[in-house]
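Please arrange chains B and C on chain A, whose structure you already have, making use of the hints.
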Amino acid sequence: MASIPRPTDEPHAHPHDHDHAHDGPYLATKGGIVATVIDWATTVDHKKIGVMYLFAVLFMFFLGGLAALAVRVELFEPTRTLEVYNAATGQSTTSVAGQVFAQSATDVAAGNQVYNRVFTLHGLIMVFLVIVPMVPASLGNFLLPLMLGAKDVAFPRLNLLSWYIYVVGSMFALVSALAGGVDTGWTFYTPYSTTTEPGHWKVVSMVAAAFILGFSSILTGLNFVVTVHKLRAPGQGWFDMPLFVWGMYGTAIIQVLATPVIGITLLLLILERLFLIGIFDPRLSGDPVLFQHFFWFYSHPVVYVMILPGMAIISEVIAIYSRKKVFGYRAVAFSSLAIAAISFIVWGHHLFTSEGEVAATVFSALTFLVALPSAVKVFNWIGTLYKGSIELTTGMWYALGFLFLFSIGGLTGLFLGALSVDLHLHDTYFVVAHFHYVMMGGTVIAFMAGLHMWWPKMFGRMYNESLGKLGFWLVFVGFNLTFFPQFIMGVQGMPRRYASYQDEYLIYHQLSTVGAFTLLAGFLVHLVNFAQSLLYGRKAPPNPWGGLTLEWTDADSPPTTHNFAQEPVITHGPYDFDDVYPPQAKPGEFTLPPPLPGRRVVTVATPHARSE
Amino acid sequence: MAHHAHPPHGHAGHGIESPGAAEAHSHAHTVVPMRVLVLVLMALLGFTFLTVLAASIEQWVSATFDVVIPQWVNVAVALSIAVVKSLLVAAFFMALRYDNPTNALVAFFTVITLAFFLGFTMIDLGNRDAVYAKKAQYIADGGTGYHAAGTTQAQRAREIASQESIDLIARDQPLPKHLAKFCVLEIERFHAQAKELPEYLRTFQARREHLGKNYHDDGHGAHGGHGALARPDHATPNAAVIRSGLTLPELGGKGHSDEHHAPADHHNPADHHTPAPGGDTPAQPAD
Amino acid sequence: MSTLSMDQPGQADGAPAPPIHETATHAHHFRDRDHEFDAAKMGVWLFLATEVLLFSGLFMYYAAMRYLHPEAFRHGSSLLDWRWGLINTAVLLMSSFTAAAAVRDAQLGRQGWLKLNLLLTCLAGLAFLVIKFVFEYYPKWLAGELPGKYYTYPNWEDPNEVHWWGLYWAATGVHATHVLIGIGLYAWMFVRAFLGYYGPKRYMMVEGTALYWHIVDIVWIFLFPMLYLIH
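Protein chains in written order, with the numbering used here: chain A, 1 to 612; chain B, 613 to 899; chain C, 900 to 1130.
So that you can see chain A by itself, here it is in the shape it has in the complex (with noise of 0.2 Å):
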């Protein structure tokens, strides 16, 4: 793994260095390349931090998407018992076909195992690895002082920790991975995480890396809350934040109370494990159901956990590309606080099949609130979508493409928050489709959404926008394709986790494993769009798409490594495009639509502005 990114060797010659001759780009080098990575490795510098987080997540990304790809190819035929007779001999043979992980021509059983592995280790790593982590701790760490006019977060060290604990408990899970892997599911459901391999120390690795990235991700949200409440800039109230940065705070809310519950849920199963001490475990007459309710507490927090982040990157995105005030600030930002207050009380809904009727009911009726915020914000990223002055960047492209994904990912949800369908729908495919809207096609999306948008701040290189065009379009059109067609065998019938199926399942899956490998190629010309913008790259402007908020007006690509010049004052607020007008950093470069008629402008200099 790169765990010490260099995104850019040759140092950031900008010509605005004058006023801050200490304050250099915070990509600059320190000399040799033993100084740089030593500058790297020991840098409290959030930018440092979310660049660090970036590009270990993207590989973990990588890995995860790999496992998954492994899914789908054995998923393109299924499996078959092949009995071949042999006219010459008169004997007939026994094959099978159709099963990549085969590990002998006949072993149906040991093939399905290795598949078993090989999606828990798909599902553990996008979940703990990639999903979690993916926002907060890249984009929101890069962002979240900017946006506040801070210098930095509020415990830099414990930031700087909170990596290196997310490497750690990665090694716990590759080593476990290596090993070869586990098949406990990624929710290390009992009994499959006390009775498989008993004894084998791959099972606590894994739990423990689970365990351990959950201090990772604890550091974080206890960072950004302090930052959000102690660190904004003179003149910011809490409705003059942008909205990321709300996004940012619920999601940290609920990293903060929710994850040490998952803490204490997998210590309990190590020492289960251990000493056999019969908490979880039916055979040592624990109780399952109640490591359901355990894990769920947790993870159902954290599917908000997942999501909120996207969500604050689509308010951001679709604000600036629409160049208009978001419609209904405050309904957006209080929505992020619903969601998190809320989803601490539906974690039943993954229990409908195993927990008792009046708890399930109980859950049913209260998981529906949860569709309240979200509709609030998606209407409200409509409403400012309506007569906006449409940029369609890259980055609009993925945000459009998030509003269509997760609004089919959250009414499905629908249908699985009720309970009597849910019963017919649990652990099929429709549960399958439905997470991966909303975590893929939700989170994901919103991250790429995120990632073109501010790559221009965070490496001050412009990327290829046409070539950005093209694997949009791949990941979506890959995406659907993948996805779409579990719904309707979900609905079916099919259920999950299993390693063959009925022929008249054989087109859905056949085009979901076409789809995947589209996702693929679209995320490959993604990485090469990405590479080529941080070797070739045009130089980006401090404001390449006229921002308002506080990274876009008051720091300079890449920002200097004190943040800004001076600290910023608000003036203006974060979505004031109807009266705020930023100068254009290089005239042509990007150009700005007029501003509306008849509209009082200010304009706002950039330090890019400033300094010429």
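Note that these hints are calculated values from the structure, not bench results.
Here the structure is a predicted model, which is why all the values come from computation and not from measurement.
Mixed in with the good hints there might be a few duds.
Each computed DSBU-like pair below joins lysine-lysine, with the alpha-carbon atoms no more than 30 Å apart [as the list claims (entries may be wrong)]: (1) K325(A) - K387(A); (2) K746(B) - K1048(C); (3) K789(B) - K1039(C); (4) K469(A) - K387(A); (5) K325(A) - K469(A); (6) K1014(C) - K1039(C); (7) K789(B) - K1031(C); (8) K202(A) - K1048(C); (9) K30(A) - K325(A); (10) K151(A) - K469(A); (11) K789(B) - K1048(C).
Here is chains B and C on its own, set in the frame of chain A:
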């Protein structure tokens, strides 16, 4: 005792609140008066004795007047006092009463989250009858599963204990308290089933009668006495068994002979109280 | 008031260097020390929130297991000697008092009392653990009153009593680990107090550790009746 918020030292002045930043965090540096701290400590110690007293009184009432006090009374009293104590600690020792209200808010939402977790999970646990009716057979009582068929960890504990007792008695060494008590209880269990005592228990009994009743046997419990809280009716194990709703064979009117009771009893909870197979007792029939 | 400014060490040439707590600076992203103190304290409170919710899992474990195996817990609880629990509760409460007093001493700059109270808190924590290990853990270890597969105590009345001991060791073990960490922190602070680290302008660590210590105390305030008194 009478120290107050204003520090006497010149170099500090009132300066615990530094200039220029007073508006947002004027609460952060309150010095809690010593009088308050001492009073809170006294109250905490008082409540601690109160909670022990309440538990003792409840046991005493229950035993003396032979009434059944529902367990929730015990739980409610003990936990209410604990809540009051922790509120005292949070308000004064942790200075939440004087502190920036944001911190109190953090504490408040923590407790709310805790309540959600405990409350909703208990809603489920308290209404699980239908689930257990279907699935109870998968939950192995007493932690079976990882031992030989049908052996619980509890039965294994008795097997180990009888083996250890046999060894120690054979080597003429004193038994530790919990083993001595085990042997006493074993003798009673054997008598209850009208079975002949195995050799090691006869030896133990003889030695015990010779040395007096206090031969490493505190009568109850593994350790020193249990003070006021030891249940008075616990003096004999059989009484406790009756209280717990389980029945010994002769109390339940079952036959005394081995061949009759063992197979019939196999799925009865009382099975757990049948003697562990000692050195020379026949092992339980397995099926 | 102006003596508080860090830019004025307030010392004549040749005078001995002022103690560390007098010359403390703040990190560059805070406006001043008060700002930093405030943020750090909120961070500690959020950390305490995570601690409480960590223990919430143990409380849930207790509630569920007592609900599922009431008789086992009834008898298991009677095997604990409440008097040791009572003594340990008193020890922890008094250590909480000295922890709060240490914060007060640091705020008032009373170095001698500060050192004494830090030491007393540390010793009380040690006393708690010594009582716990010598009078509770060790005899239970000998009698086989251990969790899971190590359970060999023969005189059970309910075969599920093994769950009681699983809970007892998990809950008190996690709590004792926290006490141990607290003892370490207080010992560390006791040493640093001699180096002049803590004073009216610099006592975040004293206060933060005290807050942690109080949470450990509060957890025990609940564990004591739950384990020893509810029967």
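Now the hints, each set against the structure:
no.	hint	in the structure
1	K325(A) - K387(A)	holds, 11 Å
2	K746(B) - K1048(C)	holds, 28 Å
3	K789(B) - K1039(C)	holds, 11 Å
4	K469(A) - K387(A)	holds, 23 Å
5	K325(A) - K469(A)	holds, 25 Å
6	K1014(C) - K1039(C)	violated, 36 Å
7	K789(B) - K1031(C)	holds, 20 Å
8	K202(A) - K1048(C)	holds, 20 Å
9	K30(A) - K325(A)	violated, 41 Å
10	K151(A) - K469(A)	violated, 34 Å
11	K789(B) - K1048(C)	holds, 21 Å
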